[in-house]
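Construct the complete structure from the given sequences, taking the supplied hints into account.
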Amino acid sequence: TQLLEQSPQFLSIQEGENLTVYCNSSSVFSSLQWYRQEPGEGPVLLVTVVTGGEVKKLKRLTFQFGDARKDSSLHITAAQPGDTGLYLCAGGGNQFYFGTGTSLTVIP
Amino acid sequence: KAGVTQTPRYLIKTRGQQVTLSCSPISGHRSVSWYQQTPGQGLQFLFEYFSETQRNKGNFPGRFSGRQFSNSRSEMNVSTLELGDSALYLCASSFSRGYNEQFFGPGTRLTVL
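So the sequence lines, in the order shown, correspond to chains R and A. When we follow the working numbering, the leftmost residue of the first sequence carries the number 1, and every step to the right adds one. When we follow the working numbering, the leftmost residue of the second sequence carries the number 109, and every step to the right adds one.
Some clues are possibly wrong.
[Said to hold, decoys possible] Listed next, with one range per pair, are the computed distances between beta-carbon atoms:
hint, chain 1, residue 1, chain 2, residue 2, range
1, A, Arg175, R, Asn18, 32 to 40 Å
2, A, Lys121, R, Gly40, 19 to 27 Å
3, A, Ser135, R, Glu41, 16 to 24 Å
4, R, Val50, A, Ser159, 36 to 44 Å
5, R, Ser30, A, Ile120, 38 to 46 Å
6, A, Ser194, R, Gln9, 15 to 23 Å
7, R, Ser12, A, Arg217, 20 to 28 Å
[Unchecked claim] In silico SDA-like pairs for lysine to any residue, Cα to Cα no more than 20 Å straight-line:
hint, chain 1, residue 1, chain 2, residue 2
8, R, Lys70, A, Asn208
9, R, Lys59, R, Tyr22
10, R, Lys56, A, Thr161
Note that these hints are calculated values from the structure, not bench results. Heads up, the beta-carbon is just placed ideally off N, CA and C, and yes, glycines get one too.
Set out below in structure tokens:
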């Protein structure tokens, strides 16, 4: 059983389209992080959300933490081929849990 | 500033053997965490080391162990390798305890035949 479920698992879109990735849990997290991983590399931290209801923007990426701190979303506006990669949400206390991952392909 | 380095990058072993992987954290970082990444299970937490002590451990059998040295470098060891241990092993370093601001290395790809 995965503590953090992401949807969709796979996403293939055209350049310029918008998309949203969801990260859901039945557990409350004090904070959630989002990472992007490219083939042959380790994950790179994009953002940390801490407060319920918080919205953070990173250029064309918008991250939201649910009010109950059990879920989060990542919205990408006008996706570009450089956004291609595996997107992972993560969080934890003593142990650290990663989500199931969303593999995004942006087609030029 | 140099990033997290892991050696070796690729490794092929046979069942029953043991393996040691190495991780050098970013200079000044004292916390090192290890993760296993497989297509089926995704990224799973193995353990966290801080100041040469294991602080937290994930749900892996005792065949998986690690240690951290006084210079913060860390090693993980897997004994009696099984086919299912084939995975990408990632280490991450951070300045303090916990999992904020983790910087990941490129990983060691282990194949068990």
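(request) Given the hint of 16 to 24 Å, check if Ser135 (chain A) and Glu41 (chain R) actually sit that far apart at their C-beta atoms. (result) Holds, since Ser135 (chain A) and Glu41 (chain R) (Cβ atoms, about 20 Å apart) stay within the stated range.
(message) Does Asn208 (chain A) sit within 20 Å of Lys70 (chain R), going by the straight-line distance between their CA atoms?
(response) 18 Å, holds
(message) Taking the Cβ atom of Ser194 (chain A) and the Cβ atom of Gln9 (chain R), is their distance within the range 15 to 23 Å?
(response) Holds, since Ser194 (chain A) and Gln9 (chain R) (Cβ atoms, about 22 Å apart) stay within the stated range.
(request) Given the range 36 to 44 Å, decide if the beta-carbon distance of Val50 (chain R) to Ser159 (chain A) lies inside it. (result) 25 Å, violated
(request) With respect to the beta-carbon atoms only, verify the hint that Arg175 (chain A) and Asn18 (chain R) lie 32 to 40 Å apart. (result) Given range 32 to 40 Å: violated, Cβ gap about 47 Å.
(request) Can you let me know if the beta-carbon spacing of Ser12 (chain R) and Arg217 (chain A) is within 20 to 28 Å? (result) Given a distance of about 26 Å, which is inside 20 to 28 Å, the answer is holds.
(message) For a C-alpha distance cap of 20 Å, please report whether Lys59 (chain R) and Tyr22 (chain R) respect it.
(response) Judged against 20 Å, a Cα distance of about 19 Å means the pair holds.
(message) Just to be careful, I want the Cα atoms of Lys56 (chain R) and Thr161 (chain A) compared with a cutoff of 20 Å; is the pair within it?
(response) 35 Å, violated
(message) Tell me if the beta carbons of Ser30 (chain R) and Ile120 (chain A) are separated by a distance inside 38 to 46 Å.
(response) 40 Å, holds
(message) Taking the Cβ atom of Lys121 (chain A) and the Cβ atom of Gly40 (chain R), is their distance within the range 19 to 27 Å?
(response) 20 Å, holds
Checked against the numbered hints above, the structure breaks hints 1, 4 and 10 and satisfies the rest.
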